[in-house]
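A.B. asks: Sequence:
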Amino acid sequence: MYEYFLARKYASKEIEKQKTVFKSWGILADWENNCYYTYDKKYVQNQIQQFFKLYKKGLIYRDLKPVYWSPSSKSALAEAELEYNPNHQSKSVTVKLELCPSTLSIDLSNHNSEPIYALIWTTTPWTLPGNIAVVYSPNLLYSFVKIQDTLGVYLLATELVDNLSAKIEKPIEIITTVKGQHLSGLKYKSLRNGESDKQFLEGDHVTVDKGTGLVHTAPAYGHEDFLIALKHKVPIECHVDEHGIFMPQTWSELVGLPVLDIGNETVCSLLSDKILHTEIYEHSYPYDWRTKLPVIVRASKQWFLDTAAIKSQSIECLKDIKIYPEIGGSRNALLTLIEKRPYWCISRQRSWGVPIPVLYDESDSTIIDEKLLDQYYALLEKTGQDFWWIHDVQKLVSNTPHNPEKLKKGLDILDIWFDSGISWSCVLGDNKIADLYLEGVDQCTGWFQASLMSSIALRNVSPFKSLFVHGFVVDKNGRKMSKSIGNVIDPQDIVNGNYDKSIDGIDVLRWWVAKHGSHQTNIPVTKETLNDSKQSVDKLRLIIRFLLGSLNNVKENNFMHGANHLRYLDKYMMLELISFENETNKLYNTFQYNKVCAKLLHFITNQVSGLYVHHIKDRLYCDPIESNDRLACTATLQAILETLLKHIAPILPHLAEEAFSYYPLRRNTTFFKSSIMNLNQIVIPDSEQVILIMENALMVKNKVSNLLQGKNSLEQSLVIALPDKTFNLLKILHPKNNTRKSDLIELLQVNSIELILNDTIDIKTCDTKGILCKRCRRWSAEKKDDLCKRCEETVNIFYSK
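Note that my numbering has the sequence shown beginning at 62, numbered continuously upward.
Careful, some of the hints might be misleading.
[Claimed, not checked] Below 25 Å or equal to it, Euclidean Cα-Cα: the simulated BS3-like pairs (lysine-lysine) are:
#, residue 1, residue 2
1, K595, K562
2, K432, K401
3, K353, K74
4, K74, K102
5, K762, K772
6, K469, K443
7, K470, K103
8, K707, K762
9, K102, K432
10, K135, K470
11, K383, K595
12, K117, K135
13, K647, K660
It is worth saying that the hints were derived from the structure and are not from the lab. Just so we're clear, the structure is a prediction, and the values are computed from it rather than from any experiment.
Full structure from sequences and hints, please.
C.D. replies: In structure tokens form, the structure reads like this:
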């Protein structure tokens, strides 16, 4: 009970820490009123209710089965609670089992005087006292062999003869080879004298990738072993307790010994005359994710969800779920995991958590009914989440017809994946489906699977419409972050500049996550990638600062007025902006944040800065403030700014909010509550014609840029010869040859243009005529040291106010 209190206290403390950090990172949620906690009374009651519903439907049952068991935490573990150590070292042994000659149907008459052995191989010698059978494959070839300088004949898979010879460093001679099916009916002598002979059994899990092709089978200590025992109705006995200690029912020399160390060694010592070869075998082995210590497989009475009953429906539902990123392998991973999952062990042996609300009578039968549950709910409401641990059986059954003297309460708790897996039922209720579940790729074995299967079991539908599956952050060398290695990078250190003083800020971190976190692969965090993110954010800040400065003095009706006077470059930019918005919305809707980042940077660099801003500076800086051309320009800049803020806000909310605070046309105190311009309501007349004209003009501009490379284009006058079709299109942008102001001159950034007809495109420069205006730097003044008419008018308007 005290442990439960400490666990809840610790969880509450960590939740508040996470809340504070999440808020500072700009993560949007109803942090105060709408978070769910698995230790809340409401959540606990709902969890017990869902357990009982499943129990009544016959989908939850109690049985003796082998499960992953952690001796260090004395509890069953789910697959998702395991961490695999790829460098675990096991003592592996090749053991010889003497065959019973009377059961042998193969002719070995030349070796009648010698004992005949079957060879088995195991990395867990401690399981050998539990051996009940040897399993073979009927489809493999097996050979009876002689080993040089070794008494006896030995049986193993033909494909593994050379492997054994290399291991024991002795030549091996094959006497005869048979198909596996001929091993049916074989028996062998027990490893301990006085025990009955054991049998050979057929199995489809036998492989020849390692070992001998004959599988040592101990059903209390292996999943496949257990299934073989069930198939052949072999009794299952577990002689290892919850501490990982040999129990009195096993060999007397082993009682009280821990199986993972001295018990393992003692088994090897007791069987030394039956061990042909010993070696240290390095392989991947499961560890308890909490204690970081090895686990075992051990049969014990546990509670299970019958996954077989809901497997096919779960698989069919999953086929209709959208999974992002679409190029990842999460769908196949989930499908494979569900297809291969034999059962789901939902019980754990701990002193904290939601209790499995079951009582047991003297025969160990389960007692659970609705009257008991009503009593539990009343106690839960009155005394809190610890009710099961606080009260004795007498209190638990009060107000019910049950006799407490013949009952004991169960001490198992519900698996944490059952805890989190039924979160949909508490958060959404029975009738709603979540739009999205978002978590790491490891949750294919955890939350995603638990949520799907519990929802299918309880209401026959998936709890989510789509999944977003991301990868994990690793260090620059691709290693998992670990305190013991010392390579952990705390996100707060990045935010505060403690990781690198030149890289700081929440928005930099958010940009890094958006750019790199949209994949299911592992993501290295390095100073280089973070610095790249900072530079990207800085580019966005610079363009936004320019846009804000350009719109500093605009009036409320700026867009309405300016949109009626758009020039061709403005129209083209508006069309590019609409296209950008539509494409970016699609990327957001499919969670392709990395592509959103790329699209944003490409757009501000090429369309906003390179195409538009560079070419409109003359009218922006030099035209009268209230002129139609300048208003058209500021209307376009306004649309660009509002659209950019809209599309950076999900990734860079702090930058969007900061920029909005300086926006003269803001319509609220905060960006996220403001109505932003809807580009879909903007209609550009003859948009296809505008695009055609501008694409031809940009083609000519590219040729002009190549021609004038290294020269000041504003000092150049051009004669441009064009074919008929292109000539007619560009004539719309430049109706008169004797003008110094046209859409084409603005786009090409030259002093003057003369358009002429020709069969091919030909561009020539000619002498620039005119006098330089010292204000706009164009050759449009009438007298030396005078301003041009446009600049003179602008200055006069300014000083007249």
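A.B. asks: Mind checking the alpha carbons of K383 and K595 for me, to see if they're no more than 25 Å apart?
C.D. replies: Violated, at roughly 33 Å.
A.B. asks: Given the hinted pair K707 and K762, is their alpha-carbon gap at most 25 Å?
C.D. replies: violated, 31 Å
A.B. asks: Is the straight-line distance between the alpha-carbon of K647 and that of K660 25 Å or less?
C.D. replies: Distance ~12 Å between K647 and K660 Cα, so the pair holds.
A.B. asks: Holds or violated: K595 and K562, Cα atoms, limit 25 Å.
C.D. replies: holds, 12 Å
A.B. asks: Does K762 pair with K772 here, judged by a C-alpha cut-off of 25 Å?
C.D. replies: This hinted pair holds, its Cα atoms lying about 14 Å apart.
A.B. asks: Going straight from one Cα to the other, do K469 and K443 come out at no more than 25 Å?
C.D. replies: holds, 22 Å
A.B. asks: Given the hint that K432 pairs with K401, does the C-alpha gap stay at or below 25 Å?
C.D. replies: violated, 38 Å
A.B. asks: Is K135 close enough to K470, meaning Cα to Cα at most 25 Å?
C.D. replies: holds, 19 Å
A.B. asks: Compare the distance between the alpha carbons of K102 and K432 with 25 Å, and conclude whether the hinted pair is satisfied.
C.D. replies: Answer holds: K102 to K432 is near 19 Å, not above 25 Å.
A.B. asks: Would you check the hint for K353 and K74, treating anything up to 25 Å between C-alpha atoms as holding?
C.D. replies: Judged against 25 Å, a Cα distance of about 24 Å means the pair holds.
A.B. asks: Mind checking the alpha carbons of K117 and K135 for me, to see if they're no more than 25 Å apart?
C.D. replies: violated, 29 Å
A.B. asks: Between K74 and K102, does the CA-CA distance stay at or below 25 Å?
C.D. replies: holds, 18 Å
Checked against the numbered hints given earlier, this structure breaks hints 2, 8, 11 and 12; the rest are met.
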